[in-house]
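Participant: Sequence:
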Amino acid sequence: MMRVFFLSLSLLTAGPMAAADPGCDPGRDEKSCMVQAIWEAAAGFPANKRDRLKPLFLNTVALSGDTALLADWEGRLGSEAAPPPEYPDYVRERAEAELREADWNRFLQRAQAGLPPFNIGRPELMAAGARLAPDAATRQRIVDVMFALAGPPQPGARPLENFERGDFGHVLSELAMESCDLATFDRAVQLTVEPDGLRYAFWRARITGGAGALAGRVRETGGREDTRHVREALEGYGAILARGYCPA
Numbered sequence: 001m002m003r004v005f006f007l008s009l010s011l012l013t014a015g016p017m018a019a020a021d022p023g024c025d026p027g028r029d030e031k032s033c034m035v036q037a038i039w040e041a042a043a044g045f046p047a048n049k050r051d052r053l054k055p056l057f058l059n060t061v062a063l064s065g066d067t068a069l070l071a072d073w074e075g076r077l078g079s080e081a082a083p084p085p086e087y088p089d090y091v092r093e094r095a096e097a098e099l100r101e102a103d104w105n106r107f108l109q110r111a112q113a114g115l116p117p118f119n120i121g122r123p124e125l126m127a128a129g130a131r132l133a134p135d136a137a138t139r140q141r142i143v144d145v146m147f148a149l150a151g152p153p154q155p156g157a158r159p160l161e162n163f164e165r166g167d168f169g170h171v172l173s174e175l176a177m178e179s180c181d182l183a184t185f186d187r188a189v190q191l192t193v194e195p196d197g198l199r200y201a202f203w204r205a206r207i208t209g210g211a212g213a214l215a216g217r218v219r220e221t222g223g224r225e226d227t228r229h230v231r232e233a234l235e236g237y238g239a240i241l242a243r244g245y246c247p248a
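Numbering (the numbering used here), first residue to last: 1 to 248.
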């Protein structure tokens with residue numbers, strides 16, 4: 001009986017500690033901890049898949065501006081960060097060209113009607129317009145029209161039933177993350193194909209703080225056959241490394 005008692009006690013004591021993931025403490029070195037967690041999630045991939053991830057991983061670490069951290073990982077992986085060439089931003093250029101020919105009212109009218117150039121890539125083109133807006137009021141007008149064009153969320157709908165809604169949700173979520181607008185982010189992410197996706201969890205954490213709590217989720221998603229979850233973690237946390245957290 002006493003042996004059973006102590007066995008039960010040890011299970012009660014050790015179980016939660018074994019199961020709990022400590023996450024990454026922002027009070028210590030969240031950056032080092034989080035990038036370690038992301039690479040651990042890639043540990044189960046075949047070598048060729050890890051090799052294809054190395055440039056993206058190291059380029060993401062480079063966004064931190066921490067030269068010591070980058071050098072450490074370059075040494076570990078036997079590779080160097082090599083940011084891709086800076087290609088022209090064709091979407092921004094299209095938005096700028098449209099605005100040279102028309103004012104903001106016409107920009108929005110043509111967008112709503114889906115007239116060229118808005119007949120292709122309308123969500124991305126309107127998002128480029130929002131970033132070019134001269135003031136907060138104009139930017140908000142564009143965002144409001146984007147939400148109107150996307151329509152309400154449709155839980156359970158197949159992605160191809162309205163692919164543009166998902167595209168609007170994605171770019172609106174990114175705009176809200178950039179501007180630290182939590183209410184707009186939570187509204188926009190519901191329009192996306194995968195509102196609970198890891199990328200969006202990191203983007204939301206940029207606004208709310210405490211991305212380190214996602215380390216356990218990153219590690220738990222390791223071991224899958226595809227690398228999408230690791231790429232989403234890199235894209236999501238990369239926004240925090242590049243921009244920092246939003247002001248409290």
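Keep in mind the hints are simulated off the structure, nothing from the lab.
Keep in mind that this is a model prediction, so the values were computed, not measured.
It is possible that part of the hints are untrue.
Ranges between beta-carbon positions, derived for each pair [as the list claims (entries may be wrong)]:
| # | residue 1 | residue 2 | range |
| --- | --- | --- | --- |
| 1 | P152 | A47 | 42 to 48 Å |
| 2 | R92 | V193 | 31 to 37 Å |
| 3 | E164 | G65 | 32 to 38 Å |
Beta carbons: idealized from backbone N, C-alpha and C, even for Gly.
Participant: Tell me the hint numbers this structure goes against, listed in increasing order.
Facilitator: Structure breaks hint 2 only.
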